[in-house]
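> Spelled out from the first residue to the last, the chains are:
Number of protein chains: 2
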Amino acid sequence: MSLRYALLGLTAAFPSTGYELARIFDRSLDYAWHASHSQIYPELKRLSDEGLVEVVGEGARNSKSFAATAAGRQVLREWLVETEPVRKVRDESSLRLFLTSLLEPADRLTVLRRELAHLEAHMEELDRLAKETASRATPSAFASMIDLGQRVMPVTRGWLLDAIAQAESGLPDALT
Amino acid sequence: MSLRYALLGLTAAFPSTGYELARIFDRSLDYAWHASHSQIYPELKRLSDEGLVEVVGEGARNSKSFAATAAGRQVLREWLVETEPVRKVRDESSLRLFLTSLLEPADRLTVLRRELAHLEAHMEELDRLAKETASRATPSAFASMIDLGQRVMPVTRGWLLDAIAQAESGLPDALT
DNA sequence: CCTTGACATGTAAAACTCGACATGTCAATT
DNA sequence: AATTGACATGTCGAGTTTTACATGTCAAGG
Numbered sequence: 040m041s042l043r044y045a046l047l048g049l050t051a052a053f054p055s056t057g058y059e060l061a062r063i064f065d066r067s068l069d070y071a072w073h074a075s076h077s078q079i080y081p082e083l084k085r086l087s088d089e090g091l092v093e094v095v096g097e098g099a100r101n102s103k104s105f106a107a108t109a110a111g112r113q114v115l116r117e118w119l120v121e122t123e124p125v126r127k128v129r130d131e132s133s134l135r136l137f138l139t140s141l142l143e144p145a146d147r148l149t150v151l152r153r154e155l156a157h158l159e160a161h162m163e164e165l166d167r168l169a170k171e172t173a174s175r176a177t178p179s180a181f182a183s184m185i186d187l188g189q190r191v192m193p194v195t196r197g198w199l200l201d202a203i204a205q206a207e208s209g210l211p212d213a214l215t
Numbered sequence: 040m041s042l043r044y045a046l047l048g049l050t051a052a053f054p055s056t057g058y059e060l061a062r063i064f065d066r067s068l069d070y071a072w073h074a075s076h077s078q079i080y081p082e083l084k085r086l087s088d089e090g091l092v093e094v095v096g097e098g099a100r101n102s103k104s105f106a107a108t109a110a111g112r113q114v115l116r117e118w119l120v121e122t123e124p125v126r127k128v129r130d131e132s133s134l135r136l137f138l139t140s141l142l143e144p145a146d147r148l149t150v151l152r153r154e155l156a157h158l159e160a161h162m163e164e165l166d167r168l169a170k171e172t173a174s175r176a177t178p179s180a181f182a183s184m185i186d187l188g189q190r191v192m193p194v195t196r197g198w199l200l201d202a203i204a205q206a207e208s209g210l211p212d213a214l215t
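These protein sequence lines map, in sequence, to chains U and L.
For any residue, its number in the numbering used here is found by taking its place in the first sequence, counting from 1, and adding 39.
For any residue, its number in the numbering used here is found by taking its place in the second sequence, counting from 1, and adding 39.
Honestly, I wouldn't trust all of these hints.
Chain copies aren't distinguished; within one or between two, either way the pair holds.
[What the hints assert, rightly or not] Within a straight-line C-alpha distance of at most 20 Å, the following computed SDA-like cross-link-like pairs (lysine to any residue) qualify: (1) 170 to 109; (2) 127 to 112; (3) 127 to 77; (4) 127 to 70; (5) 127 to 155; (6) 103 to 156; (7) 127 to 76; (8) 127 to 80; (9) 103 to 174; (10) 127 to 189; (11) 170 to 69; (12) 84 to 168; (13) 84 to 61; (14) 127 to 40.
No wet-lab data here; the hints were simulated from the structure.
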């Protein structure tokens, strides 16, 4: 149900094609809400049928730009302002980190190091995105989410480093 | 697909009934992976049919305690060690925070303040859980996840406070 | 004894999500 | 002229998740 609000928000901020929306999810929204094109296109169609978004332009290769209508913006506003937030997070990485503590040190290290590599790759990606966003006058929605990511990820990274250090010190084979 | 690994991990750490598992998801795992009892019971049955968990005791009110079998632990280990992590996060709160930047300051404040209240409630809950966990010798898996939460949440809180301050200063009606 | 509330387990239909398949456009290189 | 790769949109079946329904136990208090 949240997908539709994500799409309403993005198309309210700037008209986008389904393809562009999929790109945005992939590059900027993936740590908040993941969606693939096979979900995005049908949902755009539904939103369009309900008059919450409309086609505002057609480009090359049969592409269509969608923008949220007044009704769509209203629906989005109501959801944001009036719905109680629910916490039903699904984050495989967090789950992995939790479960990793059940492994023996050697395996644990393997998993923690891979998670660290992933996180660091993501952090670099975010930094690139931050620079990009800073140069062109992109909507501030991204800027503040990037900022949140840049604040949170180093903390997670610190935790991972600590966990790795602990696993290393607890490694029975470390000295053999 | 992650649910089964969560269940394998929890039942590997200590035998649990479906009810207890649902409680754990609700209280400790909800910011990593959410699942409700209507998913947990059928999945336990499947795991049991596949020999990955087994009934290790029966208690009052028809309750059954499950524990991961050797095969179950092996399946869990393989998943953790050999599967590349994927990032397909679904977190409604993060999405809300992102979308909130599209609202006008007054509405934005409403939403941000509610998110802040939720976060602070969650932080208190975590603190309670931390004390509880510290007193009895609960498996360290929880302790380290609680630690992660206690590191990350204050950062998110700081971001929220900044966003609120910014929305307040940008409020056109603030001085009227 | 009766009621309430926490404990405890399940099912089924509807909704949502994923991965694979399918099709086609357009620009740049070879 | 043909190939390649990014652009672009879609569908379908299988699998996952949610919401609502459904049933029953047990302890404590009135």
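> All the hints need checking, so say for each whether the structure fits it.
Okay, the hints, checked on the actual structure:
1. For the identical chains of this complex, residue 170 and residue 109 are neighbours neither inside a copy (32 Å) nor across copies (49 Å), given an alpha-carbon limit of 20 Å.
2. In this assembly of identical chains, the alpha carbons of residue 127 and residue 112 never lie at most 20 Å apart, being 24 Å within a copy and 26 Å across copies at closest.
3. Taking CA atoms no more than 20 Å apart as the test, residue 127 paired with residue 77 passes between copies only; the shortest distance there is 15 Å, against 23 Å inside one copy.
4. Taking CA atoms no more than 20 Å apart as the test, residue 127 paired with residue 70 passes in both settings, with 14 Å inside one copy and 7 Å between copies.
5. Within a single copy, residue 127 and residue 155 get their C-alpha atoms only as close as 24 Å, which misses the 20 Å cut-off; across copies the closest is 17 Å, which meets it.
6. Within a single copy, residue 103 and residue 156 get their C-alpha atoms no closer than 38 Å, and across copies no closer than 40 Å, so neither meets the 20 Å cut-off.
7. Proximity of residue 127 to residue 76 under the C-alpha cut-off of 20 Å is restricted to the inter-copy arrangement: shortest distance 14 Å between copies versus 23 Å within a copy.
8. Taking the shortest Cα distances, residue 127 and residue 80 sit within 20 Å of each other only across copies (18 Å), while inside one copy they are farther apart (24 Å).
9. In this assembly of identical chains, the alpha carbons of residue 103 and residue 174 never lie at most 20 Å apart, being 27 Å within a copy and 59 Å across copies at closest.
10. For the homomeric pair residue 127 and residue 189, the shortest alpha-carbon distance between copies (18 Å) is at most 20 Å, but the shortest distance inside one copy (23 Å) is not.
11. Proximity of residue 170 to residue 69 under the C-alpha cut-off of 20 Å is restricted to the intra-copy arrangement: shortest distance 18 Å within a copy versus 33 Å between copies.
12. Taking CA atoms no more than 20 Å apart as the test, residue 84 paired with residue 168 passes in neither setting, with 29 Å inside one copy and 45 Å between copies.
13. For the identical chains of this complex, residue 84 and residue 61 are intra-copy neighbours only, at 14 Å inside a copy versus 37 Å across copies, given an alpha-carbon limit of 20 Å.
14. Taking CA atoms no more than 20 Å apart as the test, residue 127 paired with residue 40 passes in both settings, with 12 Å inside one copy and 16 Å between copies.
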